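Please put together the full structure from these sequences, using the hints given.
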Amino acid sequence: MGVPSGKLQHSAEPARRTRGTLQSKYKLFLMALPFLVITFIFYYLPVSGWIYAFYDFIPGIPLSDTPYVGLKWFRTMVENPTQTAEVLRVLKNTVAMSSLGLVTSVFPVIFAILLTEIKAGWYRKMVQTLTTIPNFISWILVYALAFSLFSVDNGVVTHVLVQLGLVDEGFNFLASSSHIWLTMIAWYWWKSLGWGAILYLAAIAGIDQELYEAAEVDGASRFRKIWHITVPGLIPTFFVLLLLSIGNFVNNGMEQYFAFQNAMNKDTIEVLDLYVYNIAFANNFPFATAVSMLKSVVSVALLFAANTLSKVVRDESII
Amino acid sequence: MRKKLKPGDALFQGIIYMLFGVFTLSCMYPFYYLFINTISSNDLSAAGYIKFYPRDIHFDNYSKVLRISGLSHAALVSVYRTVVGTLLTVGASAFLGYLFTKKEMWGRQIWYRSIVVTMYFSAGLIPWYITMHNLHLTNNYLAYILPTIITPFNIILVKTFVEAIPPSLEESASIDGAGYLRVFWSIIVPLTTPILATITIFSAVSQWNSFIDTAFLMTDTKYFTLQFLLWRYLNESSSLAALIRNSPDMAASVQNMQTPTSVRMTVTMIVVLPILIVYPFFQRFFVKGIMIGAVKG
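As you go down the protein sequences, you meet chains E and X in turn. Numbering that gives the first Met the number 0 puts the first residue of the first sequence at 0, with every later residue one more than the last. Numbering that gives the first Met the number 0 puts the first residue of the second sequence at 0, with every later residue one more than the last.
Hints are computed from structural coordinates only; laboratory data are not their basis. For clarity, every value in this text was computed on a predicted model and none was experimentally measured. By construction, the Cβ of each residue, glycine as well, lies at the ideal position given by its N, Cα and C atoms. Treat the hints with care, as some may be off.
Unchecked claim - To give an idea of the chain E side of the interface with chain X (calculated C-beta under 10 Å), a few residues: (1) MET30; (2) PRO33; (3) ALA145.
Said to hold, decoys possible - Only pairs whose alpha carbons sit at most 30 Å apart, straight line, appear in this in silico BS3-like list of lysine-lysine: (4) E:LYS91 / E:LYS265; (5) E:LYS224 / E:LYS71; (6) X:LYS101 / E:LYS310; (7) E:LYS224 / X:LYS5; (8) X:LYS101 / E:LYS26; (9) E:LYS118 / X:LYS63; (10) X:LYS50 / X:LYS221; (11) E:LYS265 / E:LYS294; (12) E:LYS71 / E:LYS265; (13) E:LYS124 / E:LYS224; (14) X:LYS50 / X:LYS63; (15) X:LYS102 / E:LYS310; (16) X:LYS50 / E:LYS124; (17) E:LYS118 / E:LYS224; (18) E:LYS294 / E:LYS310; (19) E:LYS294 / E:LYS91; (20) E:LYS91 / E:LYS118; (21) E:LYS124 / X:LYS5; (22) X:LYS102 / E:LYS24; (23) E:LYS26 / X:LYS5; (24) X:LYS101 / E:LYS24.
Below is the structure:
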C-alpha cells in the first residue's frame, strides 16, 4: 500500500495513450461510483448521527422535539464522579486487554518459527490446517464450546480437575471474575494463533534459502540461524501488523466480550465497545453516542500517529 | 539427506512436536467433545460421562432439534445471506480492487484511502442503528446484504494482488482493443482466482457467523439467523428442552429425553458443521492468497 510507484509509471507512459486518459479518467470513476456511494451510505452517513450526542435524545421522540444540551454528555464523563469512575474502569479494561494483545503479538511469530523447524511435512501441514479452524467460528460458537467444556455440573474440564483434586467441586470458570483478562487473551489466542501465524509462515517461505546455506557453511547453529536470519526476515511483517493494530488499540471489538459477559465478570470484562453496547441497550442513546465519538477520534489519531511513526522509522506508510 | 540428530537437536525436536501436538489437540478436542456428546445417550452425557468416545450412539437429538419450529427457517435465512451476500461482496471486491489499480482514475488515492480508513473508524453503534432505521433496513433482508458489499480488507487484498500481475498482460489486451470490463473479466478474474477464493471463504464465514446485526435490527422472527437462535438457546435452553418434551408429536422415549445440555450442544453442532465441512476445500487457497496479497503490507 502507498508505495509511490505511480509517478514513475506516468512519465514512462507512451504519448499514444494520453488522448484516451481524459475520458478513461472519468469513465473509471463512474464505474467505481456505485461502490463509493455504498461506502458513503454505510460508513460515512452514520457519522451524521453524532449529532445525537448533543441532545437529550430519548428513543421514540423526534430529534426536533428534544432539547439541545451542547456538551452536557461529554462533561458528565469528567464531572459526574460515578460516571467518571465507570469510564475509568472501562478504559482500564480496554487498555489492559489491548496491551496484553500487543505484548503477546509475538506469539504467532514464535509459532511460525517453531513450526518451520518441524521436519515431517505431513505433521507441519496437519498442525497448520487444524489450528486455523477455530479462527473461522464465531465468538458465540466459541462461547458455546466453552460452555460445554467448562460447565459446572457436567463439563469435562471441571470433571477432570475435580478428579485430580485441583479445584473444589463445581468451580464455575465462566462466571468467575478473577483472571478474566488472562482468560480472555487465552481464548483469543486459542481462536487466532494458527491463523495469525500464516502470514509469518509465508514470510519465512520467502526468505532466501542461500542465506541459510551460507550460515550452515559458516557453522551456525540452529538458534543462530533463527536469530540472525529468520527473525530479521520477519521484522518488517511484524512491524506492519503491529502498527496496524496500534490504530485499533481502543477497538477491541465486542463480540468476544459480549459472548463471555455475565453478571459475575461484568466489571472486569467490559471494554469500551461492550460498554457502548450495554449503555445503548439501557436506552441511554446520547451518552453511548458521545463515547463512540471519542473512541473513533482517538482511533483515527492513533492510526495517523502510527502511520507517521512508520514513515519516520521505516520509510513506509501503512495507509 | 537424513542426518544423524545430535542429542540436543533430538530433544528440541521432541519438545516442539509435543507442543504443537498439544495445541492442535486443544483446537480440535472441543469440536470432537461436542460431537460425541450429541450422539451419545443423553443421560450419560448429562452426567458428564462422555469424554473421549461416544456411548449408546443415537441420532435422536438431531432429528428432534431440527424439528424445533423456526430452526429450519433460520437455517434458510443463514444460507440465503451467506450465498447472496458472498457473491455480491466477492464481485464488488474484485471489481473495485481492480479499478483501484488504475492510476488514471480520477481521485483514485482519495477514494481508496477513504475506504481503507473505515477499517479504523466507525460512527458507533447508535448512529449506525439510527441510520439503518432511517434507511428502513430494520426487519429487512437487505440489511444483511447491502452493508457488507464493501469490505475494505478484501479490496486491499485484491488491489495488492492485481498490482503483482505483470502489466504487460493487461497492456497487450488493451492494444487488442479490450475495454476495462473486458480486461477485468477475461484477464483479471482468471488470474486472481486464489485471492478470490480466499475472499469467498472470508466473506461466507463472516456472513454465516454474523450475529450483531440480527440482534439489533431484527425483531420479526422470520429474519432470525441460526447464530442468533444459538445465542438465545444458550441462555434459555432449559425451556427449549421442555418445549421438545411436551410437544405431542415428539413424544420422546423416556430413556433418551432431551436435556437442556443436549439441545444446546446439538444446536451448536448444527451451526458449526457447515464451517467444518466447507473449510478443507478452501484451506489450500489461504496461504497462497494471503501470502501474495498481504505480505507486502
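Quick rundown of the hints versus the structure:
At about 6 Å, the closest approach between the beta carbon of MET30 (chain E) and any beta carbon in chain X falls short of 10 Å, and the interface hint on this residue holds. Taken as an interface hint, PRO33 (chain E) checks out: its beta carbon lies about 9 Å from the nearest beta carbon of chain X, inside 10 Å. Satisfaction of the interface hint for ALA145 (chain E) is found here, the shortest Cβ-Cβ separation to chain X being roughly 8 Å, below the 10 Å cut-off. Distance restraint check for LYS91 (chain E) and LYS265 (chain E): the Cα-Cα separation of roughly 13 Å lies within the 30 Å cut-off, and the hinted pair is therefore satisfied.
Our distance criterion of 30 Å between C-alpha atoms is broken by LYS224 (chain E) and LYS71 (chain E), whose separation comes to about 60 Å. For the proposed pair LYS101 (chain X) and LYS310 (chain E), the alpha carbon gap of about 25 Å is at most 30 Å, so the pair holds. The straight-line distance between the Cα atoms of LYS224 (chain E) and LYS5 (chain X) is roughly 17 Å, inside the 30 Å bound, and the hint therefore holds. As the CA atoms of LYS101 (chain X) and LYS26 (chain E) are separated by approximately 11 Å, the hinted pair is consistent with the 30 Å bound.
Using a Cα cut-off of 30 Å, the hinted pair LYS118 (chain E) and LYS63 (chain X) is violated, with the two alpha carbons roughly 47 Å apart. Under the criterion of a C-alpha separation no larger than 30 Å, the hint pairing LYS50 (chain X) with LYS221 (chain X) is inconsistent with the structure, at around 37 Å. Between LYS265 (chain E) and LYS294 (chain E) the alpha-carbon distance is near 20 Å, which keeps this suggested pair within the 30 Å criterion. Using a Cα cut-off of 30 Å, the hinted pair LYS71 (chain E) and LYS265 (chain E) holds, with the two alpha carbons roughly 27 Å apart.
Our distance criterion of 30 Å between C-alpha atoms is met by LYS124 (chain E) and LYS224 (chain E), whose separation comes to about 23 Å. Proposed proximity of LYS50 (chain X) and LYS63 (chain X) is supported: the alpha carbons are some 23 Å apart, at most 30 Å. Restraint check for LYS102 (chain X) and LYS310 (chain E): the C-alpha separation of about 23 Å stays at or below 30 Å, so the hint holds. Between LYS50 (chain X) and LYS124 (chain E) the alpha-carbon distance is near 27 Å, which keeps this suggested pair within the 30 Å criterion.
Pair hint LYS118 (chain E) plus LYS224 (chain E) holds up; C-alpha atoms about 16 Å apart against a cutoff of 30 Å. The hinted pair formed by LYS294 (chain E) and LYS310 (chain E) meets the criterion: a straight-line CA distance of about 24 Å does not exceed 30 Å. For the proposed pair LYS294 (chain E) and LYS91 (chain E), the alpha carbon gap of about 14 Å is at most 30 Å, so the pair holds. Restraint check for LYS91 (chain E) and LYS118 (chain E): not satisfied, since their Cα atoms lie roughly 44 Å apart, outside the 30 Å limit.
For the given pair, LYS124 (chain E) sits about 25 Å from LYS5 (chain X) by alpha-carbon distance, which is consistent with the 30 Å threshold. Between the alpha carbons of LYS102 (chain X) and LYS24 (chain E) the distance comes to roughly 9 Å, so the proposed pair stays at or under 30 Å and holds. Only pairs whose Cα atoms come within 30 Å are accepted, and LYS26 (chain E) paired with LYS5 (chain X) is rejected, the gap being roughly 66 Å. Pair hint LYS101 (chain X) plus LYS24 (chain E) holds up; C-alpha atoms about 9 Å apart against a cutoff of 30 Å.
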